[in-house]
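**Student:** Kindly produce the complete structure, drawing on both the sequences and the hints.
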Amino acid sequence: MKNIASRTAMALLLAGLLLFGLLTFFIRYFIFSDDWFSHSHSSDGLSVERVLDRGGKVLYAPKSDQTYSKNAAVRRATVHLVGDTKGYIDPLMLRQYLPELAGFDKINGTYGMQSGTGVVELTVESSIQTVALQALGSRKGTVGVYNYRTGEILCAVTSPTFDPCDPPVVEDGDSRWDGLYLHRFFSAAYTPGSIFKLVTTAAALETIPDILDQHFTCTGSIKVNGEVIRCQGGKAHGEQTVKEALANSCNCAFAQIAQEVGPSVLQRKAEQIGVTQSLFVDGYRTRAGSFDLTGADKNRVAWAGIGQDVDLVNPCQYMTYMGAIASGGRAALPYLVRRVSSNGEERYRAEPQRSQIMITRDAAEVLTEFMHNNVVRMYAPVNFSDVKVCAKSGTAEVAGSNPTSTFAGFLDSEKYPLAFVVVVEEGGSGAASPVAAAVLRACINVMYAESK
Amino acid sequence: MMNVYLSIFTKLESLTVPPVWHTVLRICLPILAIVIVFRSARSLLGFRREPEVWAWLRLGADQLIPVTHWENVLGRKRTADIVLDFATVSKNHAVLTRRDDGGWTITDIGAKGRVEVNGNRVLNGSVSYGDVINLGGLEMRLEPVSKEEARLQSGARTKAGKGHSPGLTLVLLTLLQALLVFSFVINDAGPLARIFTSFAILAGVEWAFFIAQKLIHRSGFEVETIAFFLMSFGLAVAASSDPANLYKQLVSMGLGMVIFLIVGLCLRDLETAAKLRRVAAIAGVVLLAANLALGSRVNGSQNWIYLGGFSFQPSELVKVCFVLAGASTMDRIVTRRNLLLFVLYTAFIGACLVVMNDFGTATIFFLGFLAIALLRSSSYPSVALILAGVGMAAVMVVTVILAVKYFPYVRNRFAGYGHIWAYMNDKGYQQANSLICIASGGLFGLGAGCGWLKNVAAADTDLVFAFVCEEWGLLMAGTMIIALGALGLFVVRSAKVARSSFYTIGATAAISILLGQAILNFFGTVDFLPLTGVTFPFVSSGGSSMMCCWGLLAFIKACDTRQNASFAVKLSQKEAEKA
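Residue numbers (the working numbering), protein chains in the order written: chain L, 20 to 471; chain U, 6 to 584.
Hints are not guaranteed to be accurate.
[To be verified] List of simulated lysine-lysine pairs, DSBU-like, C-alpha gap at most 35 Å: (1) 117/U with 21/L; (2) 407/L with 254/L; (3) 21/L with 280/U.
The hints are simulated quantities; they were obtained by calculation from the structure and are not laboratory data.
**Tutor:** The structure is reproduced here in structure tokens:
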């Protein structure tokens, strides 16, 4: 009997497990319940009454007769941000605020809350959105602009897009609609091309003490590890400083700089900038890029430093790096939702958050100068007379199609602290800078009007 | 008369209640539930549990050994209840058993040396006070406990419910039930007349139970209180999700209580109970065979029988038979009698469940088997039982693999596990929506009938924890689990001092099954484990599972040896006279 009695511990174990499970669940409830709730049914319009742009224009009002903007161009330019009633697009950034929209709290759940009284104010401006979409035209790609001081995203456009009032019938394999329901700015990763030279240059400025005194010779091509790397069009740039090499976007010079920096430093720099990590934009996790030089030979290191190899960057993340250069090391993190209210009561207001340090202050200053030099010498469309623009273009080779045109940079301005990224798929060399010019001009106009 | 009764509820339906009442109700309900569970738990876990001396064994002139259990293994082994460290005594030599009538029996358990009483060899026979027992040459005399000692011990014994007033707890429970009905009234949810009537019947039955037990001088009512407490949740869930079937649920509760009484009364007398083992075992076989022959497949498991408009799951009732068949008295345990039969029996059940593809129930049986195997192999390293355990585990693993491979609904459950948000529109649908609804209910719930989860399949059975969370809050749902946990701890305490290993095994196996069900159900709902479709004891809707739970509860009741605690335990002669 004595012996048997001790074996009743089995029931003790089970009772313990049950009670321990309850305790664990209570703890999980207090940590994760708003997370759980944020998955609540999208079909009832996320408890949203209205979604407004930064100027207060209604973009989406699922409970009213006029569900979307009356302007078809605005509808097409914002559908990926606000979602649609048919459920093609789940507005992932808004979803993060579902608890606030529905008036959820951990003590009372949703008790006593009326559905459909939530108002969301976005940071984007619908007029800028339409300008950006128009500038992209029928080409696929994305445009993003944000204020690197506050983190507000003024523009986040993706193409192709559609009119939620008249959604297209998409057949499988129809390449016109590739990634139609995806917001490329947040959820795609591109081969960056030469805009990645801004990462290589930063690494060089930070780790090679005499880099500014060095000269790199370009004969139009260079052999690295037995394979040839060419400059665009086979053009020989002659002897150049780093500054000149960046302005010329000289592949031969950057192949040498990448070697001098070395794969481990380059890898560390890419990671420090956050190329390989996701950002959380209003809690939505952006697509992470990739950069992996483990076991790479010299040729691959050279290509990686130029922005080809296997590098991938996410446009939104790279825009943040532009902001970091502009602000001397760390930028504000981008966000899309400025304010959320429910039942007329404010439940959320965005507050600027800063990124990690991506680049040293000294390197950022030098790079700013270099990038402004690029604009003055090379990028006439964005060479504004009233604002100092700093930028770098890129042309990313994509197997089997026209190269992708990329353009990234910022305005070195107190009044207009904007950083931007433009990607035009199959755009060919130089296609992105005119898009950037049009969008930046629109942004400046809006900010000017707001400051009045 | 009926019309007057119904018109009251028509008036209630149009009643508008000031908002303050909502708030009061939301706060009072969980507080009341916590108080009820706390009172029951304190009473169940607070009793004194010292070893009592039932008789003495006198060795030689001056050595007195206390006999502290009803069943005592005598032997040289250190784990024996009465250690006799003499070379001629076997490791496990004999079992000395106290009978219900206060007399003693001694059984030879295959010792090398003989067992003699007053010089006559005994295999299994009575011993009276004063008799000389001879174990392999070692002589000892059985002596009674003096009247004075008996009086002292009896005084020290904790009378069940003493100082904890089970009656007051029951008053609180009735109040809780009234408030639950009120929560339907103020939210104007469902057919109020039917809901009120159902709760009134439940309250009436629980008071009748309580009073009947008082009349036969039993004062331990905490175990039943916990069951009634959980059933109140079950009735509230049924009222909210499926009011049309409220009376059906009440009927199965009633049937469950009838089974409770029958099993409990059978267990009163150890000899009767031991005889019933065989009947139970055969009943189990018949039920499962009937299931295999007549069963219909629902959700991939063939565990339902439909008979004239009624449906039931035989495998639920087999659980009760299984526990009864598995329980065993000490003399049998040590001699391994009927062990092989039990192993074969288990294997048969396992095989049937494999054919029926009922993975959840198989897990539950495995837990019950584990409890029985663990207890029965305690005094003898019983290789067969351990092997059977391994075999049953292997069968279960094979079942899972086969089920996952061939039955899409099982595969879906497993595919969604741990990734419910990625699969929230298909494989993880039930659990994802459970968590969403738990969150939206908050700590105090949205109110009776105000939940959304009822739209999800099996909300009132598999997901019942989330159902309660959404409508009455996480705090209330938490008390259901604490109540069951308290019952588990009570069994651990009381089973140790049970009259016979028969009751210890029965109660431990029964509570293991109940706790196992609660664990699988709760953990499944909140995505700690895959959903297995196992019901939450006493709360989930479903008649067969309700009857099973009450049947199992009888074993726990039979193990409650506190003074005057249980109708399933006879009063001692003297207590009866006093009464």
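**Student:** Confirm or reject each hint.
**Tutor:** Hint check:
no. : hint             : in the structure
1   : 117/U with 21/L  : holds, 23 Å
2   : 407/L with 254/L : holds, 29 Å
3   : 21/L with 280/U  : holds, 25 Å
Figure legend: structure checked against the earlier numbered hints; every hint is met.
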